[in-house]
Every structure is written in structure tokens, then in C-alpha cells.
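K.L.:
Based on the provided sequences and hints, a complete structural model is requested.
Residues per chain are reported as follows:
Protein chains: 2
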Amino acid sequence: MELLKQKILSEGKVISDEILKVDSFLNHQIDPILMQAIGEEFAKKFRSGNVTKVLTLEASGIAVAIMTALALKVPVVFAKKKMPSTMTTKAYFGRVHSFTKQEDVEIMVSSTYLDHHDRILIIDDFLATGEASRGMIEIIRQAEATLVGVGIVIEKAFQEGGQSLREDGIRVESLARIAKLENGQIYFD
Amino acid sequence: MELLKQKILSEGKVISDEILKVDSFLNHQIDPILMQAIGEEFAKKFRSGNVTKVLTLEASGIAVAIMTALALKVPVVFAKKKMPSTMTTKAYFGRVHSFTKQEDVEIMVSSTYLDHHDRILIIDDFLATGEASRGMIEIIRQAEATLVGVGIVIEKAFQEGGQSLREDGIRVESLARIAKLENGQIYFD
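Respectively, the protein sequence lines represent chains A and B.
The UniProt record's numbering applies: residue 1 is where the first sequence begins, and numbers increase by one.
The UniProt record's numbering applies: residue 1 is where the second sequence begins, and numbers increase by one.
In short, the hints are calculated from the structure, not lab data.
None of the values given here were measured: they were computed from a predicted structure.
Any given hint could turn out to be false.
Now the stretches of chain A that chain B is said to cover, found in silico as 3 or more residues with beta-carbon under 8 Å [as the list claims (entries may be wrong)]:
| # | segment |
| --- | --- |
| 1 | 19-29 |
| 2 | 32-45 |
| 3 | 110-123 |
| 4 | 127-134 |
A short list of chain B residues far from chain A (calculated; beta carbon distances all over 10 Å) [claimed, not checked]:
| # | residue |
| --- | --- |
| 5 | Lys5 |
| 6 | Ser10 |
| 7 | Ser48 |
| 8 | Gly49 |
| 9 | Ala69 |
| 10 | Lys82 |
| 11 | Ile137 |
| 12 | Arg141 |
| 13 | Ala145 |
| 14 | Glu167 |
| 15 | Ile170 |
| 16 | Glu173 |
| 17 | Glu182 |
A virtual CB, placed ideally from N, CA and C, is assigned to each residue, including glycine.
P.N.:
Listed below in C-alpha cells is the structure:
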């Protein structure tokens with residue numbers, strides 16, 4: 001997606017050979033017009049999959065996911081990172097290791113909002129090790145729902161997550177794939 | 001906002017005389033078409049305020065805030081609940097007590113994304129004690145930005161937050177105001 005790549009080049013900050021910061025339009029400040037364009041792009045790619053729900057992980061996946069869900073005219077469910085005290089129903093759980101925050105996080109979705117009739121599109125901002133996607137796939141498996149595919153805004157193609165998911169036969173569509181980060185430069189795939 | 005009130009009546013769950021659960025369209029599963037309508041409603045109410053940025057608090061404020069920002073054609077900034085390890089710049093801080101989770105949370109916004117030129121619209125899903133709004137107002141104060149107003153999806157008018165903010169001269173617009181929750185019933189103001 002050309003518009004996104006331009007934005008990454010002009011505003012992305014290479015913190016190290018591993019870390020790209022896109023806080024100005026995706027992870028802290030969010031550009032709603034770009035999010036809408038991204039949502040429409042994901043909807044176009046996955047429309048034939050008869051998606052019934054979009055699934056994402058709070059917090060930075062929500063903006064992209066809601067725009068995708070709007071374009072597909074389906075609800076979005078966001079997996080929560082902590083069991084809220086008002087959660088009284090049965091839930092599905094996954095475990096996600098965050099390398100950024102260096103901790104394991106349990107994520108959950110109430111069983112009220114996912115079932116075996118659902119055809120799920122996972123949407124997330126980043127794909128690196130694939131931890132977040134794996135956690136959400138575990139939740140989909142517990143709900144006996146069908147995974148249509150995974151839509152990612154920025155894939156760090158130099159990490160193993162995307163390849164590993166694709167090797168498992170999962171359709172992964174990334175709008176920008178970064179081949180490497182080196183000496184402060186961003187190289188697309 | 002009639003559409004919202006209908007949705008609250010048909011899908012809201014009164015957990016106690018204090019707690020209303022709207023997990024099916026706002027806090028866990030999200031209805032993107034309703035969010036878009038809510039965003040347009042906030043934009044209409046605050047358009048004359050020359051808003052430069054929408055500010056919200058992760059996670060459940062993001063969906064409403066991004067739709068409001070889209071309608072106003074301005075960026076949204078979401079205050080984060082934990083300092084990410086990639087956060088390298090100066091930041092503004094606020095403190096929020098969550099009565100639901102029974103803990104104090106420090107919230108922050110990088111100083112890169114707010115300054116004294118900004119005219120800020122705070123958007124949030126719920127207003128009860130006003131803790132979240134107060135935390136964001138503290139951040140706006142530190143940034144020396146201007147607060148245009150506070151847009152709330154659901155105000156629990158039986159708690160003191162809204163009245164207290166209004167007494168401070170802050171413009172608070174709530175799309176649904178709940179007078180009381182009693183015996184499982186929802187009474188609007």
C-alpha cells in the first residue's frame with residue numbers, strides 16, 4: 001500500500017535494527033483518514049472470505065480494526081489483556097509474550113461474542129514474532145470459529161512470525177513488509 | 001441520541017445499581033456503524049470549537065475517538081496506561097483511579113503530540129466519577145493546550161463526575177445520560 005509506505009518513510013523512526021516507531025500515525029497519535037484507507041484496503045482483500053467478525057487485541061489494533069469492520073459492515077471484538085471485574089460470563093483465553101514490554105500477558109474474549117458460526121478476520125498493527133496473532137488464533141480455536149485470515153498493517157518480514165503463520169496455511173496480508181532496518185534506514189520487501 | 005438510547009435499552013445489562021454493561025456494542029464487541037454515527041454526532045456538537053486534536057484513553061475510548069476524529073478531520077491521540085519501553089521522549093502524566101479495577105493507573109501522552117497551540121476535544125466511552133477526564137485534563141494543562149470540551153457516550157448522571165466538570169466551566173456533552181439504574185432497569189435523564 002503505497003500511501004502507507006510513504007507515511008512510514010516520512011514519519012517512521014528507526015530506534016534500532018529491530019524497532020520501528022510509528023507513534024505519529026498508528027501507535028499513539030492516529031491518523032484517522034489513513035486508518036480509513038487501510039480499513040478499506042483490508043476489506044477489499046478479505047471481502048470474499050465472508051467475514052462475520054473482526055478480531056483484534058487492545059489497544060493499538062482497535063483503530064485499524066474498527067475501520068476494517070466498518071468497511072465490511074461487521075462487528076469488531078477486541079481481546080482484552082486483563083479480566084475486568086464486570087466480566088461474569090465464560091471466556092476464551094490466549095497467552096501473548098510481549099518482547100517490547102518483556103512480559104507475558106493473558107488475553108481473553110467473552111464466549112458471548114465468538115462461536116462456531118463465526119468467520120474471523122484478525123487485524124493487528126504489527127506482525128513481528130507472531131505472538132499476538134498466535135494468542136488470538138488460540139482464542140478462535142477454543143471458540144471453534146473459522147479463521148479467514150490475518151491482516152497486518154506493518155510486518156517486520158525479518159522476524160519469523162509471518163513466515164511461520166504462512167507455513168501453517170494461514171492467509172496473511174500485510175500492507176507494508178519491512179525487509180530490514182539498518183543504520184536508521186527502512187528497507188521494504 | 002435516540003439510536004444510542006435504543007441500543008442501551010435493548011442490549012445493556014444492569015449488573016448492579018452502579019454498573020451498566022454495554023459489552024455487546026461498546027466495550028468488548030464494538031458496533032462500527034453505531035460508532036460512526038456517534039463520531040458524527042460529536043463532530044457536529046464540537047465543530048465550532050476549532051478542535052485540532054481528539055484525546056482519549058486506551059482502550060475502550062479509541063473506537064469512538066477515531067470516528068470523531070475522522071468526522072472532524074483531525075488526528076486522535078490516545079493516552080497510554082503504561083510507559084512503553086520505546087517511549088524515549090518527554091511526556092505529560094496524569095493519574096486515574098479505576099473503581100472498576102480498583103487500582104490507580106498512571107496515564108501519559110508524549111509531549112511530541114500535544115502543545116500549547118492545540119485545541120483538544122476529550123472523548124470517552126463512560127463518565128462516572130470523572131477520574132479519566134480529570135487525568136486527561138491534567139495532561140492538557142501540562143501541555144498548556146486548550147480544552148474545547150468533553151464528549152461522552154454514556155454518562156452515569158447519578159455519579160458526581162459530570163456535575164463536577166460542568167461546575168468547573170467545562171463543556172460536557174453526553175449522548176446518553178442515565179439518571180439511575182434500579183432493579184435491573186435503566187432510567188434516562
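K.L.:
Each hint should be assessed against the structure and marked as holding or not.
P.N.:
Structure-based check of all given hints:
1. Against chain B, the segment 19-29 of chain A contributes 7 residues with a C-beta closer than 8 Å to a partner C-beta. That satisfies the three-residue criterion, and the hint holds.
2. For the segment 32-45 of chain A, the stated coverage by chain B holds: 4 residues have a C-beta nearer than 8 Å to a C-beta of that chain, and at least 3 were required.
3. Counting residues of the segment 110-123 of chain A whose C-beta sits closer than 8 Å to any C-beta of chain B gives 3, which meets the bar of three, so the coverage hint holds.
4. With 0 residues having a beta carbon nearer than 8 Å to a beta carbon of chain B, the segment 127-134 of chain A misses the requirement of three or more and the stated coverage is violated.
5. Chain A leaves Lys5 (chain B) outside its interface by the beta-carbon criterion, the shortest separation being 20 Å against a cut-off of 10 Å.
6. Listed as outside the interface, Ser10 (chain B) is consistent with that label: its C-beta sits roughly 15 Å from the nearest C-beta of chain A, beyond the 10 Å cut-off.
7. Every CB of chain A lies more than 10 Å from the CB of Ser48 (chain B), the least distance being 20 Å, so the non-interface label holds.
8. Distance check on Gly49 (chain B): its Cβ is at least 17 Å (rounded) from any Cβ of chain A, clearing the 10 Å threshold; non-interface status holds.
9. Its closest Cβ contact with chain A, about 4 Å, brings Ala69 (chain B) to no more than 10 Å, contrary to its assignment away from the interface.
10. A beta-carbon of chain A is positioned within 10 Å of the beta-carbon of Lys82 (chain B); the least distance is around 7 Å.
11. A cut-off of 10 Å between C-beta atoms confirms that Ile137 (chain B) is not in contact with chain A; the least separation is 19 Å.
12. For Arg141 (chain B), the requirement that its beta carbon stay farther than 10 Å from each beta carbon of chain A is met, with the minimum near 19 Å.
13. Residue placement check: Ala145 (chain B) keeps its beta carbon more than 10 Å from all beta carbons of chain A (closest about 14 Å).
14. Interface exclusion of Glu167 (chain B) from chain A stands, the closest Cβ pair being 29 Å apart, more than 10 Å.
15. Consistency note on Ile170 (chain B): stated as away from chain A, and its beta-carbon is indeed over 10 Å from all of that chain's, at 23 Å minimum.
16. Listed as a non-interface residue, Glu173 (chain B) keeps its Cβ farther than 10 Å from every Cβ of chain A; the least gap is roughly 20 Å.
17. With a cut of 10 Å on Cβ distances, Glu182 (chain B) stays outside the contact zone with chain A, its closest approach being about 18 Å.
Hint compliance for this structure: hints 4, 9, 10 are not met, and every other hint is.
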